[in-house]
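Chains as they are written, first to last, in the UniProt record's numbering: chain W, 1 to 169; chain P, 1 to 169; chain R, 1 to 169; chain X, 1 to 169.
If you are wondering where the hints come from, they were derived from the structure by calculation, not from laboratory data. Fair warning: there could be bad hints in the mix.
Copies of the same chain are indistinguishable here, so a pair counts whether it falls within one copy or spans any two.
[Claimed, not checked] List time: in silico SDA-like cross-link candidates among lysine to any residue, alpha-carbon distance up to 20 Å: (1) Lys36 with Gln10; (2) Lys30 with Asn138; (3) Lys36 with Val12; (4) Lys36 with Pro16; (5) Lys115 with Glu129; (6) Lys83 with Ser97.
There are 4 protein chains.
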Amino acid sequence: MASKGLVGWQDVDLSPEGQAEAVACGKLLKEKGFAKFDVVFTSLLGRSVKSAWMALMELENFAMPVINSWRLNERHFGDLQGKEGVSAPTTAPTALSMTDSRHPANDTHYRNVHKSSLPGSESLANVVERMTPFWSDNIAPCVMSGKTVLVSGHASLRALVKLLEAILA
Amino acid sequence: MASKGLVGWQDVDLSPEGQAEAVACGKLLKEKGFAKFDVVFTSLLGRSVKSAWMALMELENFAMPVINSWRLNERHFGDLQGKEGVSAPTTAPTALSMTDSRHPANDTHYRNVHKSSLPGSESLANVVERMTPFWSDNIAPCVMSGKTVLVSGHASLRALVKLLEAILA
Amino acid sequence: MASKGLVGWQDVDLSPEGQAEAVACGKLLKEKGFAKFDVVFTSLLGRSVKSAWMALMELENFAMPVINSWRLNERHFGDLQGKEGVSAPTTAPTALSMTDSRHPANDTHYRNVHKSSLPGSESLANVVERMTPFWSDNIAPCVMSGKTVLVSGHASLRALVKLLEAILA
Amino acid sequence: MASKGLVGWQDVDLSPEGQAEAVACGKLLKEKGFAKFDVVFTSLLGRSVKSAWMALMELENFAMPVINSWRLNERHFGDLQGKEGVSAPTTAPTALSMTDSRHPANDTHYRNVHKSSLPGSESLANVVERMTPFWSDNIAPCVMSGKTVLVSGHASLRALVKLLEAILA
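Start from the sequences and build out the full structure, keeping to the hints where you can.
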């Protein structure tokens, strides 16, 4: 739902297009009969939370838990992050070192995660790998107990879809 | 932050004035240096959650828990609820019976609360009484452990202020 | 499950008789077919937690949440607490002042509760009053969603039974 | 803390030797000055929870959260599980198929985990891998915020030690 360039874990604001998409998403979910979500999951990036809130306002869904996790974050693009005019490589770009101020280990948003798990760069396979425990221990139990779940994420949700396809195959 | 008439526990949408107030509140908090809230509390009423989200978007605060509780709801105005042209009485209005479809015991929003605690009408003293356990067991521990806390509520927050004044006196 | 004298909120060890009762309680629950508890509630007093653990060991129930709350504590007997040879008065005894080192506000076990809610003395009616929010917001939702619940408390559980009888009447 | 044979995820009772070790562990922690644990983590296996409870009784530590997770379970020994007279192989033994009644996917203890994450067999490296997210997202944040933490596990805690050594290296 974000913009040009490899934004990755940069916490940029939701673009006007992204805002319009979030509202349209809310309208579409309403049309399709999703009257009430029981629990909502988002990444730790502001644009993911804001997208969820904007869709939920459209749906008039207010009183349910909204749970944020770094494990739903966009793919980390290493030292390509913030670069414009480059496209996402298939492998993990050169990793930021942990002493680099741009590394998530130095970002207070991630102070509740041990730095040994925070990536300095990721391939799509790495995204699947770090998203899987959150799916298994947090999202899936809600789905399995019959709850209606909304997940707001990034292009990285392709990793979740990939994971689900593998499970259902 | 809502409108004319005794709205109480009716889950009406946030008025345009209420939306403007929420945005202005976010701007003011930013100006005053409240850069980051660690935890946010709201009532279970949509207009309270929406006010919080709108203020938080203005503050660019996205990744913190937002906790909803009926104990922060507006005062329940019993059978006066929804009436226009009446002002809030000092005592509890005639209570809705538990078999009345308008009683919170028959509203799925409150299915996680035992109906014996849900009011069919309230005086301001009743509001203080049902808000106090939530203050003591949930909000106060956050404040006491040094967290910066945002509470989004209703005219009923006067009950919280009253409670705090009594504590500090 | 404790001893002679008005023990109240004093955190005394579970007596040998209390331990035998906890084990017997576990055996009885097993005989009666309570194979698995989904969630367990105890007071904050050690003898209540220990009773629960001993009964659960007998039942071979290990992997469920055990939730502790001061709201399930024994009745607070004010300045009669610790006295032997006295029996529980019907009204609240003389209250401990908040500056008294024996007042719960000065006990680190209760640091997560705002001191304005912590009692310096209680009547049985006061116990019902402070237990009710915990019943409504925490225990009842588990029961209502079909979970099998174990509550380990004190003579004060009479307050819970009283509350339930009033609800069911 | 358990017995002969490759017990793994079999939920066998704590042996008398294991019970004596748990009590001795509590005594030792007391001697060394660990007066109060703020939070306790155990596996989902009964012998790990029971060990924690027995040590905590010795320490007179009762009112703190005790959190159970399958991610702290013993290594899963696949089809070698329950075999006596065999020693733990360095690689993962032949995996139980998901249709095997002994596979954790068919055990109600694990109904809150998506079956795609539950192992049918593990190498020590697999144990490190599934333990790591729990360390990063649950245990480490407690340690980093200054809490005193007790972890009760299995030979598999060697995986945690290994992980910590790699982090500190």
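Here is what the structure says about each hint:
1. For the homomeric pair Lys36 and Gln10, the shortest alpha-carbon distance between copies (18 Å) is at most 20 Å, but the shortest distance inside one copy (31 Å) is not.
2. Taking the shortest Cα distances, Lys30 and Asn138 never come within 20 Å of each other, neither inside one copy (25 Å) nor across copies (32 Å).
3. In this assembly of identical chains, Lys36 and Val12 lie within 20 Å of each other by CA distance solely across copies; the values are 17 Å between and 29 Å within a copy.
4. Taking identical chains as interchangeable, the C-alpha atoms of Lys36 and Pro16 are never at most 20 Å apart, the minima being 26 Å within one chain and 24 Å between chains.
5. For a Cα distance limit of 20 Å, the shortest separation of Lys115 from Glu129 qualifies both inside one copy, at 16 Å, and across copies, at 15 Å.
6. Taking the shortest alpha-carbon separations for Lys83 and Ser97, only the intra-copy value of 17 Å comes in at or below 20 Å, while the best inter-copy value is 46 Å.
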